[in-house]
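Okay, here's what each chain looks like letter by letter:
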Amino acid sequence: MKDSVLELEKVQEIIQRWNGKQEFLIEMLQDVQAEYRYLPREVLEEIARTIEVPLGRVYHLATFFKGFSLTPRGEYEVSVCMGTACHVKGGKRILDAFSRQLKIEEGGTTGDQKFSLDSVRCLGCCGLAPVVTINEDLYGNINSTRVAAILKKYK
Amino acid sequence: MPYRLHMLLCAGTGCVSNRSLEVKEALEKEIQQRGLESEIQVIATGCNGFCGVGPIVLVQPDGIFYQQVKVRDIPALVEEHLVKGRPYKKLMFTPSKEAEPIPKMNDIPFFGKQMLIALRNRGLIDPENIEEYIARDGYKALAKVLSSMTPEQVIEEVKVSGLRGRGGGGFPTGLKWEVCRNAIGDEKYLICNCDEGDPGAFMDRSIVESDPHSVIEGMAIGAYAVGILQAYIYVRMEYPLALKRFILALDQAREYGLIGENILGTSFSFDIEVHRGAGAFVCGEETALIASIEGKPGEPRAKYVYPAQQGLRDMPTLINNVETWANIPVIIQRGAKWFSSIGTRDVSESEQGGSTGTKVFSLVGKVNNTGLVEVPMGIKLREIIYDIGGGIAGGKRFKAVQTGGPSGGCLPEELLDLPVDFDRLLSVGSMMGSGGMIVMDEEDCMVDVARYFIDFLNGESCGKCTPCREGLRQMREILNRICDGKGEDADIQKLEDLSELMVEGSLCALGGTAPNPVLNTLRYFKDEYVAHIKDRRCPAGTCQALITYRIDAEKCTGCALCAKHCPVNCISGEPKKLHTIEISACIKCGTCYDACRFDAVIRK
Amino acid sequence: MKKLTITDLEKLRQKIQEDHTVREGKALATINLHMGTCGIAAGMRKVMTALLQEIEAKDIKNVRVSTSGCAGLCSREPMATVLIAGQPPVKYADLTDEKIRRILNEHVLGGNLVKEYVLAVGSERVG
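Residue numbers (this note's numbering), protein chains in the order written: chain A, 1 to 155; chain B, 1 to 604; chain C, 1 to 127.
I should point out that these hints are in silico values taken from the structure, not numbers from a laboratory. Among the clues, some could well be false.
Okay, the calculated beta carbon distance ranges per label pair [what the hints assert, rightly or not]:
no. : chain 1 : residue 1 : chain 2 : residue 2 : range
1   : B       : P95       : A       : K152      : 35 to 45 Å
2   : B       : N262      : A       : Y59       : 38 to 48 Å
3   : B       : Q33       : A       : E105      : 46 to 56 Å
4   : A       : E105      : B       : G335      : 56 to 66 Å
5   : C       : I16       : B       : V160      : 46 to 56 Å
6   : B       : K97       : A       : Q113      : 46 to 56 Å
7   : A       : E105      : B       : T94       : 36 to 46 Å
8   : B       : K97       : C       : L113      : 45 to 55 Å
9   : C       : E116      : B       : D107      : 49 to 59 Å
10  : A       : Y59       : B       : R469      : 41 to 51 Å
Bear in mind that the values here come from a model prediction, so they are computed numbers and not experimental data. Even for Gly, the Cβ is constructed at its ideal location relative to N, Cα and C.
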């Protein structure tokens, strides 16, 4: 139980960062997502209690925006761009290749919590399509044969 | 001692992903080793625009353009150009194998036809240093309005310029400002929309990354004209570098007294706060964006009343996108008359007065030169795709160019001579949108493209209006069916009926324009729909269910690369001899197609 | 940093703009220093430093210094070519610190050739 006490301390710190104001609820959730790589239920409850908003509203936001996840994400988040330019240059084949290599479906996380796989709408690097990011690292002009080699760097 | 050479190294998102920062480090090290650091300055700039050939280094004042610069090229580049003064041919842009390399940036057709207003400082300044912007006449327009223009005069200037919103809708900017100035409210707010959600578009990201102060200056001028004290910048979560540069630029502007209390020693005060999006396409829609800044889910509301009259916290709110704001300082400085002399200002053709100025497009997809281009309104699609873009990659045949994002359309070959402006794009069933221009070739299936956009919109519909939410779902099922070779004769009619319903019954622009990708492809590429439904065939060779992969006996060299990469080991053959694909085991993943270096894998 | 007023902003701009004439490729004249292996061996680097220092000392903003390869007459290095818009290029040879300073002041800024150092006026035919 010691862990969860610590966790909630961090939550209070995040809430205070935004002066506990309701209009910064989205920002608080973003910070929680960055801290824990997902939005744990206890944390959402703590926020709802502290800034006095209904838990339902917190969940409305948490499920509306794509930047939030209610389940833990992997240490490395693989985001395969599915913008239009990436689509016409074979983005789907790249996504399938990652899915085969990691043995998880889109939206899934590997059993060891190391990798999550997602498609994203557009990363805005269309000149380099098709594009993939793994956390902060961006890979452009890739094709399905390079997927295994890219993943190797993170294993 | 002044530097004799400036090496402008692109550190936009694209070039950084191609390791331009490592190139910078190597360059600085090499310069230091040769004791040239007092003569030569290395500057990291924002996006240069020619993303397809990064990392890019521009050497000024010579104007020499180097592309695809790698760390291992640095010693030779420094030796040749910096020490001996001989531009280094190996790294110059070469349009084709037979052609001579082109040394100067402005002689490269990709740059030659462009006209830079919103991107005026791209690749020329360090975006993280406010003084570099000031040196390029930055904040001069703000000083001008504060010292010599009334708010009414500023609005008049913007109206006369003919500037229309660059975010998609093309609403006259000056008119919006006037409405907001005249609106009644205790407080008024200003918003910069940097939630550039259209897939295939990255103009705003690039402007912010290469020149954040041009946006901030535009906002300050707008705030002065309309009478606003507080502004917000809403940046989408996928753009971390743009967010960082905005925050840094705001800190510097505040330190120099260019935003905050008593700007430039006058009585005008105004400040800006940054909000980070949380990932929702619909938040690019003004009213959804406003909801999101208020800490609510980004659901649009009906626009019976414009945000300019009643927006954020129910107060009059002036909202324009990044590119629009970046145009403002130039209009003020060079005058509305100059601005409106550019473009297609033919009032007889449009009640809104044509399209003036320039537009930034992201030219991507199957063209040779991909990147960001700024061109005068009225330029022909053909000039953009062939002269600037260098034509279709790999010698393939042009099929369509998609403009306007998910609400736009695919324009066929016969429209290549269409002059590009707000009204003409609308007249052919597409739209300007925020400026994505995705070129497609003969291997792109138009039914699949329609399905792609409908799938996109289906995922992004906020769900408030039933015709949009359910209509998109039904459309997606029909399109999936057609692409799987299970289409029915009545499907085309069903798609058209659904489209009509969605246009009529949705509150916001997302729903109202959502059927466009379908209507538009039906209008210009109906034969492809028919081929899928009647012949169970995908003429472009895209739709997985309708294609098979084979190996061309003439082209195969037996290199075995395909077999090495095949994830299900269904390719066999002796070394140096023809390989074959066991069709029954093939999962059609396309890896062999990607792996083959001889174009020997056929997808049909 | 003291907050700027409108006048301060203009003063600051003037101060930092000098650096940007080079960046933007705008200049009244170009002094092209020939820096092939022979030019460097003959002492061009020292000449260049002298030139850049003079430009700085006099606060000259519209003269650009460029470098190029060997001019082909190695025995007369260090050499430089002065390019002024609308005038034929002028080549100077056997340069020293003192000579380059005179060329800058008398020819580039004053408009009068420093005849005793001139090697040639006009350029070789190309093609």
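For each hint, the structure was consulted:
1. At roughly 36 Å, the beta carbons of P95(B) and K152(A) sit within the given window of 35 to 45 Å.
2. For the pair N262(B) and Y59(A), the beta carbons lie near 44 Å from each other, so the given range of 38 to 48 Å is met.
3. Between Q33(B) and E105(A) the beta carbon distance is about 51 Å. The supplied range of 46 to 56 Å therefore holds.
4. Checked against the given bound of 56 to 66 Å, the beta carbons of E105(A) and G335(B), roughly 57 Å apart, stay inside it.
5. With their beta carbons about 32 Å apart, I16(C) and V160(B) fall outside the hinted range of 46 to 56 Å.
6. Distance hint check for K97(B) and Q113(A): the Cβ-Cβ separation is about 49 Å, which falls inside the suggested range of 46 to 56 Å.
7. Checked against the hint of 36 to 46 Å, the pair E105(A) and T94(B) passes, with Cβ atoms roughly 44 Å apart.
8. Checking the proposed 45 to 55 Å range against K97(B) and L113(C) shows it holds: the Cβ atoms sit about 46 Å from each other.
9. Distance hint for E116(C) and D107(B): a CB-CB separation of about 39 Å, inconsistent with the stated range 49 to 59 Å.
10. Between Y59(A) and R469(B) the Cβ separation comes to about 19 Å, which falls outside the hinted range of 41 to 51 Å.
The earlier numbered hints that this structure contradicts are 5, 9, 10.
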